[in-house]
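Engineer: Chains A and B, in that order, are what the protein sequence lines are. Going left to right, the first sequence walks through residues 0 to 270 as numbering that gives the first Met the number 0 numbers them. Going left to right, the second sequence walks through residues 0 to 200 as numbering that gives the first Met the number 0 numbers them.
Please note that the accuracy of each hint is not assured.
Below, computed lysine-lysine pairings styled on DSSO-like, alpha-carbon distance capped at 30 Å [as the list claims (entries may be wrong)]:
1) K250(A) / K29(A)
2) K121(B) / K105(B)
3) K250(A) / K121(B)
4) K149(A) / K109(B)
5) K228(A) / K105(B)
6) K158(A) / K228(A)
7) K142(A) / K109(B)
8) K97(B) / K250(A)
9) K142(A) / K158(A)
10) K29(A) / K70(A)
11) K109(B) / K161(A)
12) K149(A) / K29(A)
13) K161(A) / K250(A)
14) K228(A) / K29(A)
15) K228(A) / K250(A)
16) K161(A) / K228(A)
17) K109(B) / K228(A)
18) K142(A) / K161(A)
19) K158(A) / K29(A)
20) K161(A) / K149(A)
21) K121(B) / K102(B)
22) K121(B) / K97(B)
23) K97(B) / K109(B)
24) K228(A) / K102(B)
Stretches of chain B that chain A covers, calculated by requiring three or more beta carbons in the stretch to come under 8 Å of a beta carbon on chain A [said to hold, decoys possible]:
25) 17-29
26) 138-148
27) 187-199
A few chain A residues that don't get close to chain B, going by computed Cβ distances all over 12 Å [unchecked claim]:
28) G24
29) G25
30) D108
31) A129
32) G131
33) Q133
34) A146
35) G191
36) V208
No lab work stands behind these hints: they were computed from the structure. We treat Cβ as the ideally placed atom computed from N, Cα and C, and that holds for glycine.
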Amino acid sequence: MKVKYGGRSLLVLARRIIPCLDVAGGRVVKGVHFLDLQDAGDPVLLARRYYEEGADELVFLDITATVEERKTVIDWVRRVADSIFIPFTVGGGITALDQVQELLRAGADKVSINSAAVRNPGFIDEAARAFGSQCVVLAVDVKRVAAQWKVFVRGGRDKTGKDALNWIRAGEDLGAGEILLTSMDRDGTQVGYDLELLERVSQRVQIPVIASGGAGDCRHLLEAFQQGKADAVLAASIFHYGRYTISQVKKFLAEHGIPMRLESPVVRPAV
Amino acid sequence: MIVVVDYKAGNLYNVAHALRHLRADFVFSADPRTVATASRVILPGVGSARAAMDSLREQGLTDVLRNLEVPFLGICLGLQLLFERSEEEDTPCLGVLKGVVRKFPKSEFKVPQIGWNNVCYKPGTDARRPQLFDGIPDGSYFYFVHSYFAPLVPELTVASTEYVVSFSSAVRKENFWGVQFHPERSGEAGLRLLGNFLDLN
Chain A
0 MKVKYGGRSL LVLARRIIPC LDVAGGRVVK GVHFLDLQDA GDPVLLARRY
50 YEEGADELVF LDITATVEER KTVIDWVRRV ADSIFIPFTV GGGITALDQV
100 QELLRAGADK VSINSAAVRN PGFIDEAARA FGSQCVVLAV DVKRVAAQWK
150 VFVRGGRDKT GKDALNWIRA GEDLGAGEIL LTSMDRDGTQ VGYDLELLER
200 VSQRVQIPVI ASGGAGDCRH LLEAFQQGKA DAVLAASIFH YGRYTISQVK
250 KFLAEHGIPM RLESPVVRPA V
Chain B
0 MIVVVDYKAG NLYNVAHALR HLRADFVFSA DPRTVATASR VILPGVGSAR
50 AAMDSLREQG LTDVLRNLEV PFLGICLGLQ LLFERSEEED TPCLGVLKGV
100 VRKFPKSEFK VPQIGWNNVC YKPGTDARRP QLFDGIPDGS YFYFVHSYFA
150 PLVPELTVAS TEYVVSFSSA VRKENFWGVQ FHPERSGEAG LRLLGNFLDL
200 N
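Given the sequences, and given the hints that come with them, work out the whole structure.
Structural biologist: Written as structure tokens, this is what we have:
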């Protein structure tokens, strides 16, 4: 879309809307409420639904606990890749290069790496060298501790003592292609993203920043772009519970001047 | 047979998913004879220009690709490799198209460009019509991931996109087509574009 940019009217890169799905044992967990879907636990059906609504990308977090369940991941990733034609990221428990390779082979476009990168920062570098920075998303879970932003790992259970801003800069230098920034203080609260954190991180790095944690309303997404300077927003509950469809959210944001990819009707070829 | 050139330079799998969806028969191959006798050729690619050119050379593919007379589609790095040279590690490329691929200059924009941007093509008529864009509205969004860009060259540029600068997001010279974006990841518009490529004479 055309927006005013430095006094000039320019076509610009759209900001991205990214629904996030938690998967365990090949099933979407943390309830997704689409009344008309017969199986709301099937990652493929949900992925397809969001794809059709105009999602710009999808993120799947595999929160599988057992090794047995982990074997199902490749299977559903492959099926998702066959049914949607937008980029998607898979994260959760990725600790080795062969896991990354397997996920990319199955059709994932990117992987998100979190705890394993904190334990071994060289892993980001290795993954970026082997597969390109564009497929390495560094996920960082951040919590405010005594007026400082600290990195937490293992799904937020373990404190690392690392300063979040320094860690994110280090991750960029190691070759991460994007930052998925989750505010643990806001996650699940639906009171809005941590805009201060978001803005600090966005200004600190050259790579795109995806805001996560706290979205409960369209306005929160707008703030993340306007004040937080996010390049993309991740949201779960506002979409899962059917409060808004993705196209409603995009329309709202576009009306408020945020460049959005709105559907352009593609003419299907005559069969 | 449609050949997707497998030169160990990144993510071929999503191109395969999209081709399967379009019910196209294709093979992955890096064998020069297979590529030389293909009915059409797709050169995908992410990764670095230097590594990709080294790989193409090692497999004996550079001349085979230059001499193709069937429809050819370079995707992302596959478009960049068609030009004479890339600023990325100062790499000599295939030289099918005149021009040099450059890195986005420093600006307030983030590099790489990651995400959906508008692709504006020159409508043209009849023979000059960019068949790759049949049925796709001008200015449609496609998904990009790149740090280097191909220049605007009047006789080659089929479509352009703006990010930091205006650059060629689609190019064509005779049977050689290239797109900077990822049609396999660009929703319905991307599928239509790939379908159009499969329908080219």
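Engineer: Compare the structure with each hint and give your call.
Structural biologist: Evaluation of the provided hints:
| no. | hint | result |
| --- | --- | --- |
| 1 | K250(A) / K29(A) | holds, 26 Å |
| 2 | K121(B) / K105(B) | holds, 28 Å |
| 3 | K250(A) / K121(B) | holds, 28 Å |
| 4 | K149(A) / K109(B) | holds, 25 Å |
| 5 | K228(A) / K105(B) | holds, 19 Å |
| 6 | K158(A) / K228(A) | holds, 27 Å |
| 7 | K142(A) / K109(B) | holds, 26 Å |
| 8 | K97(B) / K250(A) | violated, 42 Å |
| 9 | K142(A) / K158(A) | holds, 9 Å |
| 10 | K29(A) / K70(A) | holds, 21 Å |
| 11 | K109(B) / K161(A) | holds, 26 Å |
| 12 | K149(A) / K29(A) | holds, 26 Å |
| 13 | K161(A) / K250(A) | violated, 39 Å |
| 14 | K228(A) / K29(A) | holds, 29 Å |
| 15 | K228(A) / K250(A) | holds, 19 Å |
| 16 | K161(A) / K228(A) | holds, 24 Å |
| 17 | K109(B) / K228(A) | holds, 12 Å |
| 18 | K142(A) / K161(A) | holds, 11 Å |
| 19 | K158(A) / K29(A) | holds, 24 Å |
| 20 | K161(A) / K149(A) | holds, 6 Å |
| 21 | K121(B) / K102(B) | holds, 25 Å |
| 22 | K121(B) / K97(B) | holds, 20 Å |
| 23 | K97(B) / K109(B) | holds, 27 Å |
| 24 | K228(A) / K102(B) | holds, 24 Å |
| 25 | 17-29 | holds (count 3) |
| 26 | 138-148 | holds (count 6) |
| 27 | 187-199 | holds (count 8) |
| 28 | G24 | holds, 24 Å |
| 29 | G25 | holds, 19 Å |
| 30 | D108 | violated, 6 Å |
| 31 | A129 | violated, 10 Å |
| 32 | G131 | violated, 5 Å |
| 33 | Q133 | violated, 5 Å |
| 34 | A146 | holds, 29 Å |
| 35 | G191 | holds, 23 Å |
| 36 | V208 | violated, 9 Å |
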